[in-house]
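Chemist: Residue numbers (the numbering used here), protein chains in the order written: chain A, 1 to 453; chain B, 454 to 650.
Incorrect hints may have been included.
Said to hold, decoys possible - Calculated pairs, EDC-like style, for lysine to aspartate or glutamate (alpha carbon to alpha carbon, straight line, at most 20 angstroms):
{"id": "1", "chain 1": "A", "residue 1": "Lys353", "chain 2": "A", "residue 2": "Glu388"}
{"id": "2", "chain 1": "A", "residue 1": "Lys151", "chain 2": "B", "residue 2": "Asp628"}
{"id": "3", "chain 1": "A", "residue 1": "Lys88", "chain 2": "A", "residue 2": "Asp56"}
{"id": "4", "chain 1": "B", "residue 1": "Lys549", "chain 2": "B", "residue 2": "Asp628"}
{"id": "5", "chain 1": "A", "residue 1": "Lys151", "chain 2": "B", "residue 2": "Glu573"}
{"id": "6", "chain 1": "A", "residue 1": "Lys308", "chain 2": "B", "residue 2": "Asp498"}
{"id": "7", "chain 1": "A", "residue 1": "Lys32", "chain 2": "B", "residue 2": "Asp498"}
What the hints contain is simulated information worked out from the structure, not anything from laboratory work.
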Amino acid sequence: MVHREPGFPSVLYVDLHLVHEVTSRLAFLTLKHRALRLRRPERTVAFVDHVITTGDRSRRLGTRSAVKLISVLERAAHLHGIRLHGPKSVSQGIVHVAAPELGLTQPGMTIVCGDSHTSTHGALGALAFGVGTTEVGHVLATQCLLARRPKSFEVRFEGRRGAGVAAKDLVLALATRLGAGGGAGHVFEYRGAAARRLTMEERLTVCNMSVEAGARAGMFAPDEVTFEYLAGREGSPRGKAWEAALARWRGLPSDDGVVFDRSVTIDASRLEPMVTWGTRPGMAIPIRDTVPDPAREGDAARRRAMEKALRYMALAPGERLLGQPLDAVFLGSCTNSRLSDLRAAARVLDGRKVNEGVRMLVVPGSRRVKADAEAEGLDLVFRRAGAEWREPGCSLCLSLNDDVLDPGQRCLATSNRSFEGRQGRDVRTHLASPETVAASAVAGAVADPRELS
Amino acid sequence: MKPIRIREIQGRVVPLPRDDVDSDQLAPARFLHAQPRGGVVLLHDWRFAADGSARPDSPLDHPVRAGAEILLAGANFGCGSSREHAVWACLDFGLKAIVATSFADIFRANAWRSGLLTVEVDAETHGELLAAVAADPSAEVVISLEELTLTLPGGRRVGFAYEPFARRCLLEGSDALDVLLGHDDAITRWERERSQT
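This is chain B alone, in the form it adopts within the complex:
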């Protein structure tokens, strides 16, 4: 597996100002058997009609948002199932980061392992960003994982919190499994001690 390295992401934003966007919208169940590629899985039923045609009201596919790499969502993004397919669907669509007012625990834990950034912002920042990208679809934001800052289109920079271990892995391109494998001796010791009690 290729190591994932991320320092900074700069890009345009596609707004999805909704709370509780759940796992089953991000990756509908019928795509879990063998996930098709090409960006079609993400929010499939909100984007495509039953006959497969594009829905004019798709929240992601407006031409002015084509190529946007950052999704701006509301609270509790990714709630529901633990399916990592929800994260993979975002990446497959071309997203590199989700900015939201909060994330579901499992989604956040899954996201960084595949290299999708989750940036939690307060309601004020969320509102400011939403207004800026609604007014100007070409507006860009910069997410610096190194400095833990989000730079809004107007130039204002806000800090965000990020799991320090996840940040280190992404900056260094190191893999959590390697870290765990590095604890092999301690794990063996633990197993030996416990088998004696």
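This is chain A alone, in the form it adopts within the complex:
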């Protein structure tokens, strides 16, 4: 905190500013118009992920407007001297996959990016949140933001997860319990026995979707899982600096006696694989349940939202999601495109075939994930099964590149939002874990992963 003044937001120093090609363009223009320099190029790292094609890049990087956005970022990076992981970089990938992988994300840091899923980086004990383009400009110019201290919200995951229940299912259950706006004004801290047992990649999945439960940020206190993940990464401190950093990081966790403004406990042992039935991630049910009936909802606004969601999704109250025929499945996004996600899906798909009525897109989160997966032969598992093995990017999570489905199609996706039109106009998106998506790809319809493994 650089400066505090009673009654006013504090001046918050940003340790790491992550930039991508869509929300930074006008912010760089602000620097130009106001003749400002970029204050800390070494604390600014740019990635190309949102608009780039995930198909063949040898001839073109995307649509004409995508190519333009990428070249604008390339020019800005060159002009201001910032690192850019562009189309040719071996570290190109989705910013929230590639930055932790490079060791850029570290405990105790403040991290912002013009992207709501910046909450992902909280998995490593960083305070990380998304900002709009105007504030991207503020950080470029001053390395600071004006911000108020958010309230704290303890999310306890207790108990032992059953087989086939993924980190994704924990956070879908949380979003459903709290509702889309439930965590507004708060930062989540994930605690409890089931939270501590999560691997780093699972924690990244959980923190990623904090924003879907309304919290701008979510975090895990750093522990041995964190330190083991960071050890030896490109951006991690080395030698004596590593020892000093460890000592500092060990001092970061909240005290045991800390009082949170709010708290919720979710018993992981009672969870089942989750699937969304509606047009936001908090509209999820256990996979064997039936679609809820709006008539039983007492609150009028919520009832209307449910009715509208069911109309859009072409589902009826009481209907089963299990067996719902699919046109496409998507394995990817900053939520679930890391090596462990690909492994989980590949385990299900190994020796099986994607149903012929279904198009399956597998989009690794980064070039490094892709290379690691290929070193293990996962690409062959996917290809043999009949899935498309693609280049890294945001892809069908928000269809800002050329990956767009056709109107009326139904898609089961590992991404984070089932908003109307998210994967193309009038496309019906359901969210689930990589295991559930893989099992459903084989069945050609929504399927319970526990029956296939």
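With chain A held as given, fit chain B onto it using these hints.
Modeler: Frame of chain A; chain B shown alone:
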């Protein structure tokens, strides 16, 4: 950039009594590459059919609501993405304020920086306002940023909370970036101290 100054907004209301109106409806992704102007982006797919024709059930385009500058929405307005395009789409359509029972954090933070007011009201006020503007499309409300009050068509005035810093910036026409730039010395000091530890 021209400074944004707002003291008071008086205008008619277009109701959109829905919860969780998300960023992807406010500004669909395909308009993010280069946002077209002319008020077409906002809630595009709820207003226009796939062939571009106006949808008769558009929640915004009923002739009696033409020119309304205040949108009345339900809970958690603006949830989802951090895209500021969602705010710009509202302004481009001609909106000056959103009245809702709650807002998503990032949307609220983005809104004032471009001069779009967010006014949070309780369920009772929301219901009263909705009934009033449904009965009389010409009914007007007054939002005073100076007094932090919303005056309903019937004359009842209710207070609302607003981030004090944002209020000061909008009343004075000052810019948050200038405020930050004014802390340059403190930022430099902070950077120097931290580089020594």
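Chemist: For which of the previously enumerated hints does the structure constitute a violation, in increasing order of number?
Modeler: Hints 2 and 7 contradicted; others consistent.
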